[in-house]
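Enquirer: Here is how the chains run, residue by residue.
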Amino acid sequence: MNQTARIISIYAADTSGVCSALYEFGGMTVIHDASGCNSTYTTHDEPRWYDKKSMMFISGLTEKDAVMGNDDKFINDLIIAANELNPKFIALCASPLPAMIGTDLEAIAYAVENETGIPSFSVKTNGMNSYIYGIQNAFLELAKRFINAKSSSNSNIKSNIESTVIFDNKTSKIKVNILGMTPLDFPKKEYFNSLKSFIEDSGMILNACMGMETSLCEVENLADANVNLIVSSSGKPLGEYLYDKYNIPYVKGVPYGIGFAEKIKESLILSANKKTCIDATKDLREKGRVAILGESVLSASLASALLIDKGIKADVLETVGEGDFEILKDFDISCDDEKILEDTLKNFDTIIGDPLFKPICKGKNFIELPHEAFSGRCFTKNSPNLINTNISII
Amino acid sequence: MLKSISLNENKIPEGIKISETNFDNPFHDGLHYNPPARGVWNIVHTGMLIPEAHQIYVCAQGCLRGVILTAAEMNRMENMSWVALREKDMWNGEMESRVIEGCSHIVEEMDEHPKCILVYLSCMHLFEGCDFKVIANELKERYPDIDWVDCYMTPTMRKTFEPDVMMKKSLYSPIKKLDENKKFIGLIGCDRATDKSCEIYTLLDKANVKMWEITDCKTYEDYLSLGSASLLISYLPVVNYASMDLTKRLNIPHLPLDLSYDDEEIMSNLKSLAKALDLDETIADEITFETKKEAGESLERAKQTIGNTPIAIDASATPRPIGLALLLVKNGFNVSRIYLDAFGKKEKKAFDELCKLKHDIEIFPTMDPVMLKASDENTESEYLCIGQKSAYFCQSKRFVNIIEGGGMYGFDGIRHLGEMMIDAYLNEKDLKLTISHKGLACESCL
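Respectively, the protein sequence lines represent chains A and B. At position 299 of the first sequence the residue is numbered 298 (numbering that gives the first Met the number 0), and the sequence of numbers has no breaks. At position 403 of the second sequence the residue is numbered 402 (numbering that gives the first Met the number 0), and the sequence of numbers has no breaks.
In case anyone wonders, no lab produced these hints; they're calculated from the structure. Quick reminder that beta carbons are idealized off the backbone N, C-alpha and C, glycines included. Please note: incorrect hints may appear among the correct ones.
Unchecked claim - Result set (DMTMM-like, lysine to aspartate or glutamate): computed pairs, CA atoms no more than 20 Å apart in a straight line:
#	chain 1	residue 1	chain 2	residue 2
1	A	338	B	110
2	A	143	A	200
3	A	188	B	376
4	A	281	A	329
5	A	51	B	375
6	B	396	A	50
Stated by the list, open to error - Short, incomplete list of chain B residues facing chain A, as computed with Cβ under 8 Å:
#	residue
7	62
8	65
9	86
10	431
11	432
12	445
Said to hold, decoys possible - Simulated restraints, written as ranges between beta carbons of each label pair:
#	chain 1	residue 1	chain 2	residue 2	range
13	B	74	A	333	28 to 38 Å
14	B	90	A	239	29 to 39 Å
15	A	25	B	340	25 to 35 Å
16	A	239	B	221	55 to 65 Å
17	A	112	B	341	25 to 35 Å
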């Protein structure tokens, strides 16, 4: 039955996505919520919470404030905290109840900005969508607010779309933005390190990362890049925005394995030179008896890497219910219903997925690939780094 | 007047002297910060105490995430299911049927019906004016072999009915009246087992009375046997609403024996229990003659070991942090900090006495946003802490790792606490690892 699960877990919600996306940019992010969203996020969805401080709070909404529409209290509390902590920006998002009673967060952000002078904005959430939706909206809002177009050094504006710069990676290096990188999909710092090394070893320069091991300066410089590398569905709307507004093309895919990493490298160079957007997985997929469960860009990338490096044909079973569906093939499936998923999995011999899917994969060869957005910190320590290296899980 | 805690020139929160703190409203209740100390139990942990029961949560994805992963970390996904509410559910008038059909689907998917299912409804149901009776009646009619229990995950109501208080009421709601057993009483309200060495158990032994504790129940039948109790006792404040409900439904008297660190109150409680057990009240004096002495000796040993080391206490460790601070100050300990967001009403007497005895104890909130800056992970402090939150804020590896009193009661509890303080002082803990564990004493996959 739709929206119902007997035994599997559930993906992180949009509110956690917003917090995860904005974590490292020096702002203050506040979920308009009674209680619970903060504990859930900081316990299960934020591996950085203990070691790296960030201003992530909730409003502490009560039933009285909800019934009476007491927005003044929320505004006042935001101003008190902002004056004490001096954040670089203030971002607001809503849990289900404010969404239900129609709280105007945009107006509240406007009032707070007027009072404090601190850039403030709302990010669309309602606590009922997945983390992908929250991250996508948060990155977009942040970029729209802080990109410094004047700093753009390579004429990345639409009017210059005909201009071309030939990058040979010797005299003129390609500057790359990573888009869609949060701990919900990449829970360990080593993933970022591997991705950065991959870019640098490919003769390119990392211009900015959205959003791990980063800062607000990198957001301001986003338009300086020559190409964007979209490593998850969470980065796609920002990639499209940067292409539409600044003519910066994107490549979709995570450089898993050896052969597919090489393919990504070639795609980045081609994309930067030709100003065209490329789905690196496009011609590297074939239907098989292996199913990969999870987020679409990560799963399609792994399927492509398995085909190139090991000759294994794998289908993607997109299980978040949100994200980049364009990357999926006709034989792939998008399904967030436990019962249908369980029945569909009967058609496969081997399943690659988060351990919390295991109870519906009985009798199958199950290969564990932990996904923070699904199982939180339960299996983080077992999460393998597959970026630009031999894939040893299968 | 409400005090707003501020950062000092070094960007570190400054506490407020206890003597300058407003007992009724110590701090401004603004935005909330959440420190990474996870030992305190939530409604999932508590619900799992009912043997052979299953839990179904019906709420939005964001709310589901926390409870589902609580169960996952406990390795109890087998006992956990969910129904997600989407935006359309808010407007289509099908809130009740979504719960009923979702729960029915889950039951149909099970190999065997559980004996009891706890159905947790959310703030969204509350604000929609959802008809809980219709849901309960329909599920009972469809599956009469299952005890259906309505539970609530409604944190917006926390100022009137805290989720913990509501949960404690739900925890005992399947209990039905059984033939009374005069030699059987029930201890309600505790998630953790109570020390068998405490004076409550000694008195029960004297009266030849057995006690029901939920942590001892292995089967659903064990759990239901509370219905035969002749008396209900409790010592944690969170149980009041549940005790009222049980007393009304089952006609079993309730005797509150509040956890305390005050000699007089402990004696008064034990005498009340002795009387309720038809024992001579003087027996309380007899059985505490030794334990009271041992408690004093334990604190003395602790003082000799700990010396003048500053001590910090937080409200997650005990419902009476002020009473505990007073006990320690009276015994010569250097209590310097207390972390809490509000004072318990029953702590007023201890508060007034503590203000006189040590007026400069610093009071800190735990949820105020500036507390984000309170801990410096790169600097280890000298504090001996009682409770996970104070240990985190002080960044101390020397801490007594307890929640809600730690199952310690009476003079025996004080003796035990003294021993735990010595152990905490002598044996450092891995702070991050220890406080990351969700639900102290629960199984964990981490």
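Enquirer: All hints, please: hold or fail.
Expert: Taking the hints in turn, this is what the structure says about them:
Using a Cα cut-off of 20 Å, the hinted pair residue 338/A and residue 110/B holds, with the two alpha carbons roughly 15 Å apart. The straight-line distance between the Cα atoms of residue 143/A and residue 200/A is roughly 31 Å, outside the 20 Å bound, and the hint therefore fails. Between residue 188/A and residue 376/B the alpha-carbon distance is near 18 Å, which keeps this suggested pair within the 20 Å criterion. The hinted pair formed by residue 281/A and residue 329/A meets the criterion: a straight-line CA distance of about 12 Å does not exceed 20 Å.
For the suggested pair residue 51/A and residue 375/B, the alpha carbons sit about 10 Å apart, so the restraint of at most 20 Å is met. Using a Cα cut-off of 20 Å, the hinted pair residue 396/B and residue 50/A holds, with the two alpha carbons roughly 16 Å apart. Checking residue 62/B against chain A: minimum C-beta separation of about 6 Å stays under 8 Å; hint holds. Because the beta carbon of residue 65/B sits about 3 Å from the nearest beta carbon in chain A, less than 8 Å, this interface hint is met.
For residue 86/B, the shortest C-beta to C-beta distance to chain A is roughly 5 Å, which falls under 8 Å, so the interface hint holds. The restraint placing residue 431/B at the interface with chain A holds, with a minimum CB-CB distance near 6 Å, inside the 8 Å limit. The beta carbon of residue 432/B comes no nearer than 10 Å to any beta carbon in chain A, farther than 8 Å, and the hint placing it at the interface is violated. Because the beta carbon of residue 445/B sits about 7 Å from the nearest beta carbon in chain A, less than 8 Å, this interface hint is met.
For the pair residue 74/B and residue 333/A, the beta carbons lie near 30 Å from each other, so the given range of 28 to 38 Å is met. In this structure, residue 90/B and residue 239/A meet the distance hint of 29 to 39 Å, their C-beta atoms being roughly 30 Å apart. As the Cβ distance of residue 25/A to residue 340/B is approximately 27 Å, the hint placing it in 25 to 35 Å holds. Roughly 60 Å separates the CB atoms of residue 239/A and residue 221/B, a value that falls within the hinted 55 to 65 Å.
Checked against the given bound of 25 to 35 Å, the beta carbons of residue 112/A and residue 341/B, roughly 32 Å apart, stay inside it.
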